Structures are given as C-alpha cells and as structure tokens.
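In case it helps, the working numbering puts the sequence shown at residues 49 to 176.
These are computed hints drawn from the structure, not numbers from a lab.
A quick note: this is a predicted structure, and the numbers were derived from the prediction, not measured.
Where is the CB? At the ideal position from N, CA and C, for every residue including glycine.
One or more of the hints may lead you astray.
Listed next, the in silico DSBU-like pairs over lysine-lysine satisfying Cα-Cα at most 35 Å (straight line) [to be verified]:
| # | residue 1 | residue 2 |
| --- | --- | --- |
| 1 | Lys71 | Lys81 |
| 2 | Lys130 | Lys81 |
| 3 | Lys93 | Lys81 |
| 4 | Lys130 | Lys93 |
| 5 | Lys130 | Lys71 |
| 6 | Lys130 | Lys54 |
| 7 | Lys81 | Lys54 |
Derived Cβ-Cβ restraints for the label pairs, each shown as a range [stated by the list, open to error]:
| # | residue 1 | residue 2 | range |
| --- | --- | --- | --- |
| 8 | Gly83 | Arg167 | 16 to 24 Å |
| 9 | Glu78 | Pro174 | 18 to 26 Å |
| 10 | Thr145 | Arg171 | 15 to 23 Å |
| 11 | Ser132 | Val59 | 30 to 38 Å |
| 12 | Ala80 | Gly158 | 25 to 33 Å |
| 13 | Glu51 | Asp120 | 29 to 37 Å |
| 14 | Arg146 | Arg100 | 17 to 25 Å |
| 15 | Gly134 | Leu64 | 16 to 24 Å |
| 16 | Leu94 | Leu64 | 17 to 25 Å |
| 17 | Ser124 | Ala156 | 21 to 29 Å |
| 18 | Gln95 | Arg117 | 36 to 44 Å |
| 19 | Gly83 | Arg117 | 37 to 45 Å |
| 20 | Pro174 | Gly109 | 41 to 49 Å |
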Amino acid sequence: MVENIKPAVAVVHHPLFGRIETKIIPIDAEVAKIGEGYVVNLLTKLQVEPERRRRSGYLCGQNIPLPQRPVDIASSELGYVKISHGRDEIEVYVEITRVFVTDDASDADGNPCVTAVWRHGIRVCPRG
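Work out the full structure, taking the sequences as your base and the hints as a guide.
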C-alpha cells in the first residue's frame, strides 16, 4: 500500500520556453519479493510547467521524428514513494538525470515536448 508520495523535480532553462519545471509524479507501485530483496516497478506521470507557452506547427506525440536536445538541469529535488509491504516499509527514491526538449514542437496548449530520463533505488526499513 502506497503511504506517501513526493514528486521528483528538475528545473531547466530553455531559450524559447524559459524556465521549465519538470516533475516525475509516482502514481502507483508494484512490489514483488525476490529472495531476501524486493523488485519495485513504478507507474509515473510526467508533468511540465513552462514559464512561457509557445504554440508550434508540430504537436507532441505525432509519429514524426522530432529532434530533442538535452538541456542542463539548473536544480533538482529527489522524489520518493513510501510503501508498506507486509512487515517492511519500502522507500523508493526517484531522481531525474536528464531532460530533453524539442525546439519546434509543442502540445495543443503551447507546452514544450519534454522527455525526462529518471532512475530509482529502494531502501527497505524492517518494522519493529
């Protein structure tokens, strides 16, 4: 059972969209016990909040290969999920490691097309 969630956040700066806050929001977790450890799969949602919106001729998600370029991460915060599984409490930490932005495409609202690369790790805390 998921008890507590905090999104991972990365802030990047882009010449066309300005400051872009990118969030990986954990929605649900699937936990499997393997031997003495656990395997955790996360279901996440990407949320993008740009400083400026800019509508483009191409829409995100079309079947057109649009080049994305990496942008430097100005600041980031770890996210986490706390899960109760039997007698153990599992903490899953989420970190955004890279952010890619497409210059000449946006969604229908003018938000940039963003791809975030992230990783996660777990820590098991046995209960009393």
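Cross-check of the supplied hints:
Only pairs whose Cα atoms come within 35 Å are accepted, and lysine 71 paired with lysine 81 is accepted, the gap being roughly 28 Å. For the proposed pair lysine 130 and lysine 81, the alpha carbon gap of about 16 Å is at most 35 Å, so the pair holds. Taking the CA atoms of lysine 93 and lysine 81, the gap is about 25 Å. The hint holds against a cut of 35 Å. With a C-alpha separation of about 17 Å, the suggested pairing of lysine 130 with lysine 93 holds against the 35 Å cut-off.
Under the criterion of a C-alpha separation no larger than 35 Å, the hint pairing lysine 130 with lysine 71 is consistent with the structure, at around 18 Å. Between lysine 130 and lysine 54 the alpha-carbon distance is near 9 Å, which keeps this suggested pair within the 35 Å criterion. Between the alpha carbons of lysine 81 and lysine 54 the distance comes to roughly 24 Å, so the proposed pair stays at or under 35 Å and holds. Checking the proposed 16 to 24 Å range against glycine 83 and arginine 167 shows it holds: the Cβ atoms sit about 22 Å from each other.
One distance hint, 18 to 26 Å for the beta-carbon pair glutamate 78 and proline 174, holds here, with the actual separation near 21 Å. At about 19 Å, the beta-carbon gap between threonine 145 and arginine 171 stays in the expected band of 15 to 23 Å. One distance hint, 30 to 38 Å for the beta-carbon pair serine 132 and valine 59, holds here, with the actual separation near 32 Å. Distance hint for alanine 80 and glycine 158: a CB-CB separation of about 41 Å, inconsistent with the stated range 25 to 33 Å.
For the pair glutamate 51 and aspartate 120, the supplied restraint of 29 to 37 Å holds, since their beta-carbon distance comes to about 34 Å. Take arginine 146 and arginine 100: their Cβ atoms lie about 22 Å apart, and the range 17 to 25 Å holds. Roughly 49 Å separates the CB atoms of glycine 134 and leucine 64, a value that falls outside the hinted 16 to 24 Å. Roughly 19 Å separates the CB atoms of leucine 94 and leucine 64, a value that falls within the hinted 17 to 25 Å.
Our hint of 21 to 29 Å for serine 124 and alanine 156 holds, since their Cβ atoms are close to 28 Å apart. A hinted range of 36 to 44 Å for the beta carbons of glutamine 95 and arginine 117 is inconsistent with their spacing of about 21 Å. The hinted range of 37 to 45 Å is satisfied by glycine 83 and arginine 117, whose Cβ atoms lie roughly 42 Å apart. Between proline 174 and glycine 109 the C-beta distance comes to about 43 Å, which sits within the given range of 41 to 49 Å.
Checked against the numbered hints above, the structure violates hints 12, 15 and 18; every other hint is satisfied.
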